[in-house]
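J.: Below, each chain spelled out in residue letters.
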Amino acid sequence: MAKNFSKKFLVFLLLLSLFSYRNTSFALILVDTENVSISAQVGNTLPVNPGGGGSSGGSVGIPKTSVRFSGFAYPNGTVTLLKEGIELATVSSDSSGAFSITLEESFNKNILYSLFATDSAGNRSLLINYPIVVYTGYLTQLSGIRFPPTINIDKTEVKVGDYLTVSGYAVPNEDIELVIEGPEKKVFTLTTNNKGFYTATLPLGTLAKGDYLVSAKYSNDTRISKLVSFTIGDNNIAVIKNTTNIPGDCNVDHIINIVDFSILAFWYGKLNPPKCVDTNSDNTINLTDFSILAFYWTG
Amino acid sequence: MKKIIYTLIITSFFLFGVRISFAASVSISAQEFIKVGDTFEVIVSVDSGGELINSIDMVVDYPEDLISFAGYKTEEGVVKLWISSPKEANGKISFSGIIPGGVLGVYDANQKGLSAIPLTTLLFKAKISGAGEISFSKSEILKNDGHGTSLTHSEIGSVINIKEGNSVQTGGIEDKGIPEPFLISFIESSLFSATPSMIIFNTNDRESGIKEYQIKSAGEDWKVASSPVPVTKALFSNNIVVRAIDFNNNYREESIEIPGLLRAKYLFLILILLLSSVWLYKLLKYKI
Numbered sequence: 001m002a003k004n005f006s007k008k009f010l011v012f013l014l015l016l017s018l019f020s021y022r023n024t025s026f027a028l029i030l031v032d033t034e035n036v037s038i039s040a041q042v043g044n045t046l047p048v049n050p051g052g053g054g055s056s057g058g059s060v061g062i063p064k065t066s067v068r069f070s071g072f073a074y075p076n077g078t079v080t081l082l083k084e085g086i087e088l089a090t091v092s093s094d095s096s097g098a099f100s101i102t103l104e105e106s107f108n109k110n111i112l113y114s115l116f117a118t119d120s121a122g123n124r125s126l127l128i129n130y131p132i133v134v135y136t137g138y139l140t141q142l143s144g145i146r147f148p149p150t151i152n153i154d155k156t157e158v159k160v161g162d163y164l165t166v167s168g169y170a171v172p173n174e175d176i177e178l179v180i181e182g183p184e185k186k187v188f189t190l191t192t193n194n195k196g197f198y199t200a201t202l203p204l205g206t207l208a209k210g211d212y213l214v215s216a217k218y219s220n221d222t223r224i225s226k227l228v229s230f231t232i233g234d235n236n237i238a239v240i241k242n243t244t245n246i247p248g249d250c251n252v253d254h255i256i257n258i259v260d261f262s263i264l265a266f267w268y269g270k271l272n273p274p275k276c277v278d279t280n281s282d283n284t285i286n287l288t289d290f291s292i293l294a295f296y297w298t299g
Numbered sequence: 001m002k003k004i005i006y007t008l009i010i011t012s013f014f015l016f017g018v019r020i021s022f023a024a025s026v027s028i029s030a031q032e033f034i035k036v037g038d039t040f041e042v043i044v045s046v047d048s049g050g051e052l053i054n055s056i057d058m059v060v061d062y063p064e065d066l067i068s069f070a071g072y073k074t075e076e077g078v079v080k081l082w083i084s085s086p087k088e089a090n091g092k093i094s095f096s097g098i099i100p101g102g103v104l105g106v107y108d109a110n111q112k113g114l115s116a117i118p119l120t121t122l123l124f125k126a127k128i129s130g131a132g133e134i135s136f137s138k139s140e141i142l143k144n145d146g147h148g149t150s151l152t153h154s155e156i157g158s159v160i161n162i163k164e165g166n167s168v169q170t171g172g173i174e175d176k177g178i179p180e181p182f183l184i185s186f187i188e189s190s191l192f193s194a195t196p197s198m199i200i201f202n203t204n205d206r207e208s209g210i211k212e213y214q215i216k217s218a219g220e221d222w223k224v225a226s227s228p229v230p231v232t233k234a235l236f237s238n239n240i241v242v243r244a245i246d247f248n249n250n251y252r253e254e255s256i257e258i259p260g261l262l263r264a265k266y267l268f269l270i271l272i273l274l275l276s277s278v279w280l281y282k283l284l285k286y287k288i
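Protein chains in written order, with the working numbering: chain A, 1 to 299; chain B, 1 to 288.
Among these hints, one or two may not hold up.
As the list claims (entries may be wrong) - A short, non-exhaustive set of chain A residues, derived as facing chain B with CB atoms under 8 Å:
#1 T140
#2 N194
#3 F197
#4 T199
#5 L202
#6 T288
#7 W297
#8 G299
As the list claims (entries may be wrong) - Here are the simulated DSS-like pairs of lysine-lysine, each with C-alpha atoms no more than 25 Å apart in a straight line:
#9 K112/B - K109/A
#10 K217/A - K195/A
#11 K217/A - K233/B
#12 K127/B - K143/B
Hints listed in this document are in silico derivations from the structure and should not be mistaken for laboratory results. Glycine is no exception: its CB is placed at the ideal position from the N, C-alpha and C atoms.
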């Protein structure tokens, strides 16, 4: 029996090796992608772009070329669309967080679109990029977009054994996870209320002293919110509004843009960079610091 | 029987060169057959295997006896913000940049799943006939996870065959256009900041990319520079000109006025105060 299995296994390995030769490689890692779907259909001649920016009226008989983005952001918030880094349109999301933006296009092209959402309290999401192949005469639809929750904390330092309050907005009545990472990791799950708001006072009792990051995400999604840093130490220190908790934001304007990128570029490869530039506090400015800056980019 | 199977397996692994690769890969795509004199495109793209990526740092090797580097195109690529735009040195082309917000793949309704992410398109000119390979000598890809985690990936190069014959332009490079207009911004250093005041600038050239920038201050010669450029404030305002030069030596110039320590309005105020003092002194002297 065992001998027979061994033979079968060897034959399987042989077949696998031959199959692998045909494909030159085989995947060792399986990963999830987000639940966004893309489709294209022959465009109509109706005016599009409820968010503004497109022309109204249509050339009769000539199909329009357009791109539509739809999904969920935050209840009664806004969603802004950028094309190649330039803001084109802002639309409101409804009470369920649903939004839709349609943009008229002219060319058959590979275009980089970006979206960000703002919740009703004014908190901005991270940037989401969609490079899309646009076909002339077609309406290309990207549906199922879902912005990760927004996140705020009440303290920058939490006394050992005390509590951290985390709050923000997401889609109403959805399960979300609050993930605390640092010397130790802890995950809390909760559900947003019918207005999309969530707040949780997290007991940090068992977590050791040190620097931590907290983020929020939907339980069934891979995209995470901003990472917000806090320390577990000897005191409770409340968040002060005029301070920044964004790595690389040296000018404390709560914006990560070309100015912050240029300051980082100035220190790239130089010794003794200022603390605010060194996003991961390793005393070196390298590609990792640029990656962290790109994660928090607001434009 | 067992021995035969073992031998077959081991032989097949060696003969067919089975490579264990990762879900993610970075690849070079070039057309296989090129004519001498052609300028052709080489696309560098990443299949991120379902991971969001936001930073890249690459060094590409090419057979410099066969082909020469002729520039790059960014229009179709997702890297718009270069830490260092594609530059050639000793048969290697290096470039690094970021994609703010990260990217997962290209969304194409005509393709099943996400397509590979085009980073940039390198341009080469075929010099003589022969065969060679364009490959990576370094490739670093970082995830958009807020930590800059490195993405494990495999590298796939591309073989090129250059043949004698009538040149057929496939890449279509007749770069007569000058680089796009650009803005120069002045970032003033704060009082206790270790970062000096500096000017920043960035532009593109559709046909062949930006080869280099040069800057010129009043009374000085042109010198090669890259953004950001530290500047020191003089007593009076200073005009700085930045020249963006593409790979075909077309250029565009833009300028910025760096404010001086003594601004005109302050000088005017000082003058007014001085004149007022003189007038007051004379008035008092007359009354006494």
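J.: Each hint: holds or not?
T.: Hint check:
no.	hint	result
1	T140	holds (6 Å)
2	N194	violated (30 Å)
3	F197	violated (24 Å)
4	T199	violated (23 Å)
5	L202	violated (19 Å)
6	T288	holds (3 Å)
7	W297	holds (3 Å)
8	G299	holds (7 Å)
9	K112/B - K109/A	holds (18 Å)
10	K217/A - K195/A	holds (17 Å)
11	K217/A - K233/B	violated (47 Å)
12	K127/B - K143/B	violated (38 Å)
Of the hints listed earlier, those the structure fails to meet are numbers 2, 3, 4, 5, 11, 12, in rising order.
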